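S.K.: This is what each chain is made of:
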Amino acid sequence: SQQGEEDPQALSIQEGENATMNCSYKTSINNLQWYRQNSGRGLVHLILIRSNEREKHSGRLRVTLDTSKKSSSLLITASRAADTASYFCATDVKAAGNKLTFGGGTRVLVKP
Amino acid sequence: GAVVSQHPSRVICKSGTSVKIECRSLDFQATTMFWYRQFPKQSLMLMATSNEGSKATYEQGVEKDKFLINHASLTLSTLTVTSAHPEDSSFYICSARDGLASSSYEQYFGPGTRLTVT
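Chains as they are written, first to last, in the working numbering: chain A, 65 to 176; chain B, 7 to 124.
The shape of chain B in the complex, shown without the other chains:
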């Protein structure tokens, strides 16, 4: 089955620093990737949609200058949290859609990255 990996799985950083999270589709080409954040005991909230080779589309209320998304290849998207603050601490999850699948409804989710900003 389709596998999506994320790296790192956990990261602790100091306030004011930047953190990069990678999302990779391991056995399929992901023309579209999605980034979500999830606070404890809450649901997933979509942050942005990333299409390979073009600018990401951000959801309302998500600062694009703070959450930089790059989707430079069909298998890799990165999310960089710039100038992180404690309120950015969260669980970040990516998902990818198989662009070549006959039915492209299904999204495959990565295992998530837990970010803690101290």
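Chain A on its own, in the form it takes in the complex:
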């Protein structure tokens, strides 16, 4: 089964609203990463948060990590139509030789 499970699977919001998506995982991690993928394209790295970090910001993105609950969240503030994409969390697992395991993804639609 996948290491990361994401919630919700799909999200539809109006431009200007915030979008929050969550990722849960099962085993101890080195770090957790969030990626964006536009339809039919490659992945764009958004943020990496290490296991000893609790929160990280990058522009309109805010990522939290709760290792006790084995969960992470990605918040996109003041969303724009250009934020429409699929967002994936990926865990870098200690016992797996630094391979990334991807969650199922959240498809975000930002309506203008």
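Note that these hints are calculated values from the structure, not bench results.
Don't take every hint at face value.
Said to hold, decoys possible - Straight line, CA to CA, 25 Å or less: simulated PhoX-like cross-link-like pairs of lysine-lysine:
#1 Lys120/A - Lys133/A
#2 Lys47/B - Lys90/A
#3 Lys70/B - Lys26/B
#4 Lys90/A - Lys163/A
#5 Lys134/A - Lys175/A
#6 Lys47/B - Lys163/A
#7 Lys90/A - Lys134/A
#8 Lys61/B - Lys158/A
#9 Lys163/A - Lys120/A
#10 Lys163/A - Lys72/B
#11 Lys134/A - Lys163/A
#12 Lys90/A - Lys120/A
#13 Lys175/A - Lys158/A
#14 Lys133/A - Lys163/A
#15 Lys20/B - Lys72/B
#16 Lys175/A - Lys47/B
#17 Lys20/B - Lys70/B
#18 Lys61/B - Lys163/A
#19 Lys26/B - Lys163/A
#20 Lys133/A - Lys90/A
#21 Lys70/B - Lys163/A
#22 Lys61/B - Lys26/B
#23 Lys90/A - Lys158/A
#24 Lys20/B - Lys61/B
Predicted, not measured: the structure shown is a model, and the values here were computed from it.
Once you have looked at the hints, place chain B on chain A.
M.R.: This is chain B only, laid out in the frame that chain A set:
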């Protein structure tokens, strides 16, 4: 920033033929490259890990004789889908890790190759 390219971006082939996909790191040395496949509206599934100069490590359930991986240099890995069938149609994505970076956690992803087998 680190750039990874893939070629071709799209390929259509007939059932039974073989297709080679190239993954190149353009401005860094990639000691490790990864190959993923992604079905429509699904997540990325790791197929194999490729280390320069050694045999690839395949994930459980991935046929190594069907998906041949060669990582002959620090900037190039190839995936050959042999005797392709329609069920091999998918989006194949490679990623590369910068072996010389002080923090080598980040993987840089290629733009993907869409394979359609008719």
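S.K.: A separate judgement is required for each hint: does it hold in the structure or not?
M.R.: Structure-based check of each hint:
1. Lys120/A - Lys133/A: holds (17 Å)
2. Lys47/B - Lys90/A: Holds, because 23 Å separates the two Cα atoms, which is no more than 25 Å.
3. Lys70/B - Lys26/B: Roughly 14 Å separates the two Cα atoms, so the pair holds.
4. Lys90/A - Lys163/A: holds (15 Å)
5. Lys134/A - Lys175/A: The hint is violated at about 31 Å.
6. Lys47/B - Lys163/A: OK: lysine 47/B and lysine 163/A at ~22 Å, within 25 Å.
7. Lys90/A - Lys134/A: holds (7 Å)
8. Lys61/B - Lys158/A: It holds: about 22 Å lies between the C-alpha atoms, which stays within 25 Å.
9. Lys163/A - Lys120/A: Cα-Cα ~22 Å, so holds.
10. Lys163/A - Lys72/B: holds (22 Å)
11. Lys134/A - Lys163/A: holds (18 Å)
12. Lys90/A - Lys120/A: Status holds; Cα separation ~21 Å.
13. Lys175/A - Lys158/A: violated (39 Å)
14. Lys133/A - Lys163/A: Distance ~21 Å between lysine 133/A and lysine 163/A Cα, so the pair holds.
15. Lys20/B - Lys72/B: Judged against 25 Å, a Cα distance of about 16 Å means the pair holds.
16. Lys175/A - Lys47/B: With Cα atoms ~20 Å apart, lysine 175/A and lysine 47/B stay inside 25 Å; holds.
17. Lys20/B - Lys70/B: holds (21 Å)
18. Lys61/B - Lys163/A: holds (16 Å)
19. Lys26/B - Lys163/A: holds (23 Å)
20. Lys133/A - Lys90/A: With Cα atoms ~9 Å apart, lysine 133/A and lysine 90/A stay inside 25 Å; holds.
21. Lys70/B - Lys163/A: This hinted pair holds, its Cα atoms lying about 18 Å apart.
22. Lys61/B - Lys26/B: Cα-Cα ~17 Å, so holds.
23. Lys90/A - Lys158/A: Measuring from Cα to Cα gives roughly 12 Å; hence the hint holds.
24. Lys20/B - Lys61/B: Answer violated: lysine 20/B to lysine 61/B is near 28 Å, above 25 Å.
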